[in-house]
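Asks: Those protein sequence lines, which keep their order, are chains A and B. Residue numbers for the first sequence follow numbering that gives the first Met the number 0, beginning at 0 and rising by one. Residue numbers for the second sequence follow numbering that gives the first Met the number 0, beginning at 0 and rising by one.
In case anyone wonders, no lab produced these hints; they're calculated from the structure. There are no misleading hints in this set.
Going by beta-carbon spacing under 10 Å, a handful of chain B positions derived as facing chain A:
{"hint": "1", "residue": "THR68"}
{"hint": "2", "residue": "GLY74"}
{"hint": "3", "residue": "LEU75"}
{"hint": "4", "residue": "ASP79"}
{"hint": "5", "residue": "HIS80"}
{"hint": "6", "residue": "LEU86"}
{"hint": "7", "residue": "GLY95"}
{"hint": "8", "residue": "ALA140"}
{"hint": "9", "residue": "PRO141"}
Even glycine gets a Cβ: it sits at the ideal position worked out from N, Cα and C.
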Amino acid sequence: MEINGFGLVESRRTRSVLFRLALLIGPVLFFAVFFGYPVASIISRGLGESGLSRAQAVFEDPAIQEILWFTLWQALASTVLTLLIALPGAYIFARLHFRGKALLRALVTVPFVLPTTVVGAAFLGLLGQNGITDQWFGFTGDRTVFAILLAHVFFNYAVVVRTVGGLWAHLDPRQAEAARTLGAGPWRAFTRVTLPQLAPAVGAAALLVFLFTFTSFGVVQILGGPQYATLEVEIYRQTAQLLDLPTAAILSLLQLLTVGAVLGIHAYFARRRARALRLVPATQSTQSVRGRRWFFGLNLAAMIVLLGAPLAVLVERSFSTGDGYGLRYWRELARNDTDSTLFVPAIEAVGNSIYFAALATLIALIVGSLAAFALSHRPGKFTKAFDAMLMLPLGVSAVTVGFGFLIALDEPPLDLRDSPLLIPLAQALVAVPFVVRTMAPVLSSIDERLREAARVLGASPWRVWRTVDLPLVWRSGLVATGFAFAISLGEFGATVFIARPDQPTVPVAIYRLLGRPGELNYGQAMALSVLLAALCAAALLLLERIRLPRSGEM
Amino acid sequence: MLKLSHVSVRFGQRQAVDDVSFTIENGEILALLGPSGSGKSTLLRVIAGLTPSEGQVVLAGRDITTVPTHRRGVGLMFQDHALFPHLDVGGNVAFGLSGAGKQERVDELLELVGLAGAAKRKINTLSGGEQQRVALARALAPEPKLLMLDEPLGQLDRQLRDRLVIELRELFKRLGTTVLAVTHDHDEAFALADRAAIMSRGKLLQSGTADQLKAAPVDEFVADFLGATASVRRWPQ
Chain A
0 MEINGFGLVE SRRTRSVLFR LALLIGPVLF FAVFFGYPVA SIISRGLGES
50 GLSRAQAVFE DPAIQEILWF TLWQALASTV LTLLIALPGA YIFARLHFRG
100 KALLRALVTV PFVLPTTVVG AAFLGLLGQN GITDQWFGFT GDRTVFAILL
150 AHVFFNYAVV VRTVGGLWAH LDPRQAEAAR TLGAGPWRAF TRVTLPQLAP
200 AVGAAALLVF LFTFTSFGVV QILGGPQYAT LEVEIYRQTA QLLDLPTAAI
250 LSLLQLLTVG AVLGIHAYFA RRRARALRLV PATQSTQSVR GRRWFFGLNL
300 AAMIVLLGAP LAVLVERSFS TGDGYGLRYW RELARNDTDS TLFVPAIEAV
350 GNSIYFAALA TLIALIVGSL AAFALSHRPG KFTKAFDAML MLPLGVSAVT
400 VGFGFLIALD EPPLDLRDSP LLIPLAQALV AVPFVVRTMA PVLSSIDERL
450 REAARVLGAS PWRVWRTVDL PLVWRSGLVA TGFAFAISLG EFGATVFIAR
500 PDQPTVPVAI YRLLGRPGEL NYGQAMALSV LLAALCAAAL LLLERIRLPR
550 SGEM
Chain B
0 MLKLSHVSVR FGQRQAVDDV SFTIENGEIL ALLGPSGSGK STLLRVIAGL
50 TPSEGQVVLA GRDITTVPTH RRGVGLMFQD HALFPHLDVG GNVAFGLSGA
100 GKQERVDELL ELVGLAGAAK RKINTLSGGE QQRVALARAL APEPKLLMLD
150 EPLGQLDRQL RDRLVIELRE LFKRLGTTVL AVTHDHDEAF ALADRAAIMS
200 RGKLLQSGTA DQLKAAPVDE FVADFLGATA SVRRWPQ
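Here chain B stands alone, though its shape is the one from the complex (with noise of 0.2 Å):
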């Protein structure tokens, strides 16, 4: 569905993006995993085309490279969400919809994200947990060939964050979604995606399911990256 070769970025003295390629199979969860600053959310970018970059993107088949945002076909949930606060719920939810039948469109994903009969509320009404369904209905109404999330759960608190992430992987399932999400957890990363690619420093170290990635790390970082916060987590409340 998507392939990623030799993807560079660089801002002024800093490779923020250093020749990465990868693929992602139709209908597969992949979960970038890395440390903040790591490059995973400019990679997200470059594919949204929101920042330049050297190499080739292709979706479904379609070199993307040159091709502008608004006619790539992709999602991104943004990590903030980025809601439009002059628009309400529904106005959010059908901004990326085009002709007939929006209304029912936005009730169909309003209640396929547990927020039916919301269209009418304001953004600043919303709780954090509110505010990311909405970002993910908005997101999926336009039926991206494939759907980015930056870091989906982020600031939500942990029992919440548990219960999204089995649900969130329910449904994308169930709809058959392509997606890319990026994460720093790897709890998180393994719960929701089928595959986990780990990123350091802007290079992507190694890719796999988790059993693949515990029982073979290709490196000391990658061991310890995923290692250092299994064992923090032993630690009792």
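Chain A with its partners taken away, still in its complex shape (with noise of 0.2 Å):
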């Protein structure tokens, strides 16, 4: 008798393979019901009734053509700008060390998870009417296209810092200095070694800022005033203005083409681009500060200017009574006026706001880990196109994801209006792709050597998920939990569309308050950005405490 053990132990493969699939298969149904069928709803009323001619006819139009440019270069000079000034940045964090390092890394990032309209609101409050520099020198720059390519750089600074300096740090410094005794000068030296081999990141960098910047609504909204919408912005209004569904529905179709369009550009690159890389632990490749003090101070100084002053500002605002300075604003939150704008006290929104981001953290982290389990492990052809399609709620746009909530599920067979899983279910889905991009890397990185060495000594195969899995990956799921949280605190573009006029969360109100006239609408929306900018700090500073080997970055 011939005792062969291929087949046993080749079933045994099959059925990993088959519990990793069976993990996705609840992810995968969260987003056929609260993505695929939202979206496929917005396709059959955009071209259902009249079809393409109706779609001609919108793109026609003189005025939709000038948002599409405008939605365009703008993102582009976004992308740019941010490159230039962030790439510095990264270089300081990556390269140098300087005491303080780990604090100043972690304030940097605080922008980036600040909600669209608390930025939209600290430029206001610098550049707006009756904001700083009108009160010093006469000047408002709000509703202008620097004010808004300004907030587009606060706001995404920090993901070029932190995609490409998390790179920077690990590559080798050895192979510059090498290229250095090669008769390299220092510029050479950069960008014909060290460049080329940061090309991922910064690609990378360059692609999220693009459709963050793309899809930009909330900033958009507050600083752009009448003359400067983006396709995001223009979608909003042609829904919840002209009440012109049909229409709304070609421009998201078309952004969800555009989007799909990058993001599968950006992949066919990325393919090409992939080469090994010879990394490094971060330590050995810092140098002092000494030497470099200029190009130190200077960067220094761009944050300070860039990041500090707008969140100073905001402060200050929200104190300033015109008269001096007082709580006047901050008291008003608690008041509930006959002709309020929001119908309730402002200071409702902000338990509104901490009640629905904690069930849509519990929701990310359960379809993201999920996803970001089944994802780690040597991706097949079914698992890559489910991580492309992971990344698609964040670039297709929030205003997209909350129309197509209201068009969608506000009937049978799925008539979620008045389940109070609505806000959450799509702050969810906007976090859930930040859940898999930070946990999915820390468990792909870990040794597959580790889980063997555990099994020869004796682990079964839940000891060696509890004893080794585990403790390798928590830290990254206290990470995602954070992530999660604060964006669903600071999510605009969808909650706008379906939260009820007398439940706002923080970001709504703020929107609303600032849409009114009079300074105490003005100064409690001020009050109201600094209690959230506050909130979503926190949870991003207690986070950064808990720090992550090897981290997935943004």
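With the hints in hand, could you dock these two chains into one complex?
Replies: In structure tokens form, the structure reads like this:
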């Protein structure tokens, strides 16, 4: 008799593949119902009745053409500007060591987790009517492209610093040193040796910044005034103000296709660029600040002016009552006037926000960690496709998600209009990609031999998971929790569509207050912004305390 | 103690292990010797149950061909040690232990490998030699029926290797451990093992003591492999 273990071991392997696929069922269903179905509704609404002739009419409208052009060029300009300003910053964090580096890195990340409405409010306080520059110099810069671009750099600075800096810190500095010994000057060594190795990270960062700014909503809505609108803003206007659903659906569709195309192009180039890099522990590659004081100081100044000033202004405005400083706006948050903009005391929005964000975080963690675990083991074709799909809600924009929820989930078979889960579901959809992006790299960086070593020492599959996987990954789970919470807390684009008027979240309340005249509304918006910024920053800074050895960067 | 019959492993087009059969007696130390890519490490993974194969593996009279890794009762010291970075030295050594008296056993093993009192140290503070000792203590802790070593002295410098290889042999003989060690260095193989088995391109060519192999190499490859490396060593430093 021939004894052959192959069949049995093989079937065990097949079982583990099936197990991984089974883990994906939950996330796939979640995306199918809460993303695929609403988007399909948009498509059928946009192209269903009058079809392509309607689309043609929309695209021939000069006003729409102008919006498309503006959306594209401001996104490109924001991306280039952010890279120019933030790449030197990435170098500082990756290659120099100085006191307070961890704290400074955490601080420059704060803008990224701030809600877009807060960013809008901050720049309005800086450049807008009755803002700081207006009071001091009689200069107002809101309703200009300048303000929008600055706000975009503010928001995305950390994306570049963390994505590019994360790789940069681990590049072997000896390669650039080798170039120097071969006669290359510092600039040539940088452009010929360092930059090509950084290219994947720079590309990834540029892609994220482009997607974030191409689909920018809250910032443009608040700072753009009537003359500047992105596609996202226009979709909202067509839906909420003009009630022209077919036009909104066509524009959503266009945005969906554009984002899909950009992601596809990126995936194509990322695959061609992929190459093995020689990576070293970060501590091996840092140098002292000495000799680079000017460069260091300039960067520090840029961070203070660009990232610090808008936040400082926000706090100042919330206490500045016109005739000195006081707590009037803060006290007003708890009052409920009969002609109130919000129908409820503004402070109630804080409770709503925390409640919705907590539910959304829970959903995002369950869906996201299942997906991350399934994706982390030698991805096949199917898992790769799902990985790309996960990124879609990130780029497709919150407004599309909210609009989709509005038209798809308000009638049988799925009527969630009165469900307390409606807003958390939409927020979770936006947060899941972040959860996956944080956890998957850590999970897949676990050396397979550690699991093998545990098995040889007699650990069952369950014990391997409990004693090897879990201890190595729980920190990234906490970080993902913080991200998901901060993102859900500040989510605006989707929530503004589906929040009931008497149940506003904080970002929605800020937006409504800023949209009304009167210094009391303005002051309350500033105070609420400070509160929300503090909540988001606290969530982030708390998590920065949990250092991750190899965390995923956004 | 260990009996392999007609073990073969194929990776796609490549025959990594080709119909290998051999036995190891109880308490014997056998070295698997061969150039890199000859299938030595794959063979270890087959015996540990980490790589599926054809053929039969019998350990201590029991057919373990289809037994999952964690129930096989074999120990494996990985090439780069694969120590758990999230556990300290003691935690690594205790991983394969169960029941009462864990702490005593950990201390005993650390003393055995010359690292007494290091239980609380973190893995990333250890030197290469110390990591190697912790890996050895961890593999020995559950008292495996067969201990397998994959390039046990791989990354250490020459002097340290020469000393450790003697220490290891004394230790295994004292404990009566049955050992299968993979190496590409025949000096190391003969210093450590009772017998060496020479592999090339997945095939087991010949096995025997140092004298047997050198006196009557079965073919040119074996002669070259043993001879060439020997002559290289004779060059002055």
